[in-house]
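J.: From first to last, the protein sequence lines stand for chains B and C.
Using numbering that gives the first Met the number 0, you'd call the opening residue of the first sequence number 0 and step up by one each time.
Using numbering that gives the first Met the number 0, you'd call the opening residue of the second sequence number 0 and step up by one each time.
Possibly wrong hints are sitting among the right ones.
Examples of chain B residues toward chain C, derived with CB under 8 Å [as the list claims (entries may be wrong)]:
#	residue
1	7
2	8
3	43
4	260
5	267
6	269
7	275
8	306
9	311
10	313
11	322
12	324
If you want the footprint, here are the derived chain B segments under chain C, 3+ residues with CB under 8 Å [to be verified]:
#	stretch
13	136-145
14	292-302
Calculated directly from the structure, the hints in this document are not laboratory data.
Predicted model only: the values in this text are computed from it and were never measured.
All C-beta atoms in this analysis are idealised placements derived from N, C-alpha and C, irrespective of residue type, glycine included.
Read off the chains here:
Protein chains: 2
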Amino acid sequence: MTAPSLAPLALEIINGINEKDTRALSKAITLLESKDNLKKTIGMQVLVNLKKHNQNLSRKIAFTGSPGAGKSTLIEAIGLHLLTEGYNVAVLTIDPSSPISGGSILADKTRMQRLSNKERAFIRPSASGKGYLGGITPTTLDVIEIVETAGYDFILIETIGVGQNEIDIKDLVDKLILVLPPTAGDELQGLKKGITEVVDLILINKNDGMLKSAAELTAMQYESALNIFPAHKTDVKLCSAIEATGIVEVCMFIKDFTINTQERQQKLGQLLDRIASQELLQTLMKDETIKQLIYQQKTAILTQKESLTNAIETLIIYLTSCLKGKKTP
Amino acid sequence: MTAPSLAPLALEIINGINEKDTRALSKAITLLESKDNLKKTIGMQVLVNLKKHNQNLSRKIAFTGSPGAGKSTLIEAIGLHLLTEGYNVAVLTIDPSSPISGGSILADKTRMQRLSNKERAFIRPSASGKGYLGGITPTTLDVIEIVETAGYDFILIETIGVGQNEIDIKDLVDKLILVLPPTAGDELQGLKKGITEVVDLILINKNDGMLKSAAELTAMQYESALNIFPAHKTDVKLCSAIEATGIVEVCMFIKDFTINTQERQQKLGQLLDRIASQELLQTLMKDETIKQLIYQQKTAILTQKESLTNAIETLIIYLTSCLKGKKTP
């Protein structure tokens, strides 16, 4: 298993992960997320090596929704239920709205105390990395992959913040669930445009105590709104994380499908294309000469001095000359 | 007015347009849309020169919606009404789904016969250009601008096909109107996701004859669906292009606002940034070496041989070296 160039630390971590040592897995993720190149390289060695030898498939489920919907408590309840059924469960957090992090800014372990005490559970408040446009960084994917190779049956992913990243997240997971709190009928304003159309399930949480009738009304309203667009087969369900109602049904929903590896490959391929494009574009837009050129051309158009076609032509000619210059040095 | 380098043909066309000669305007658009570089350059001269001297502001209204909604007939009815009120009107067609064109593929003049016979109307079945991602090409913007400089009070833009381009079109115009045919309640499937949320008005057309009650029901359903999201202040109106009902109200809607040049500049700036990004990205993705690199890295990830972070790093390093190579030749 050990490639000749494998660092001793990498080997130690690989062995640890293969022996189901969660501290080794934690360590690997820390390395992957590190801004230190050497550490990151060791993390990569661990990941690439594990990928070669471990073909485990985790069911990957992401939870999105506004703050205050009770996602953490819900995920904990779902995790605990899955444990009682004999599965092992990993919980990851993606925080696309917080590019500053780079470490564990969210005390998830404190928030999900009951779950984190369990042996077959792994909880990791993963960072968002370097703030890539869509919220998904190359590191995000690497972290999810390493957890999958560690052999978890379920990876539950909590997304924090309301970014424009649901479409990217959708491509990383098998199911995307929108968690919403009950609302007073006409107050669904916090909801992001189009979000109801990319999720696989809408879950009205906090269907408990004094909120019960509001929750039922909210669910009904979503159902009738969704009925107008029959093309989207999004289900609406009610649950209560604190009273533990509806949790069994949600667990059914996230168990009751066959993992389609071909579909996964296809979605991953699409995501890779998007990430590659975005990363290349970001590199381009950071270039001082290109920034200056765009600024000049934009000013020329807005001050009525230039046509858009000419302006774009100027940009393309410059970039083409850069790319060609490289080829014939 | 004549710059020293101005081609005689450009000068002739500029004079024609300033004298309200619609044939001169047509000729200018043909030049702008030409794939011949010399012709295109003359078109650009005309545009840039007109922009410098003519500060006319047209009200720009775009109409989108599924085929069969009756957009052309509706636009003709609106155009005819505006003419009776003393305005002059230009009608342009953007066909984002048809990158093949480059000429007048749609016989709009035949379709809008009553309007095209009028003196103060200009109808142009403009092409979509070279099939830029969002449906909007640099040429689209240039064509709209030259029509604006020609002094029309209204530019009505018909979009053909259902692309992903409404957001781009929204930035080119003052109002975006979604035109829909009456449907049998549960059959609004053709509707693109999220479209209702970017338009300024939803117009249920064909509110006439046997379709009247279906049209009313459709309007009600949209109203109730939109009520759930009070953040979107989209109005729903009924009209009939063939019975000419509701047309006055639509005309009120497209007249009753102040052109906000600051907002226009801002929207245009955003659009320019997007177009510049997209055009640069397209140039990048057409480069053989980059294409090959992406293919290699994608294969490495999908066959579990590489981590995403490493793959992206390889791409960025290559592009950076191209950009730097240019700077220090």
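J.: Hint numbers the structure violates, sorted upward?
T.: 1, 2, 4, 6 and 10
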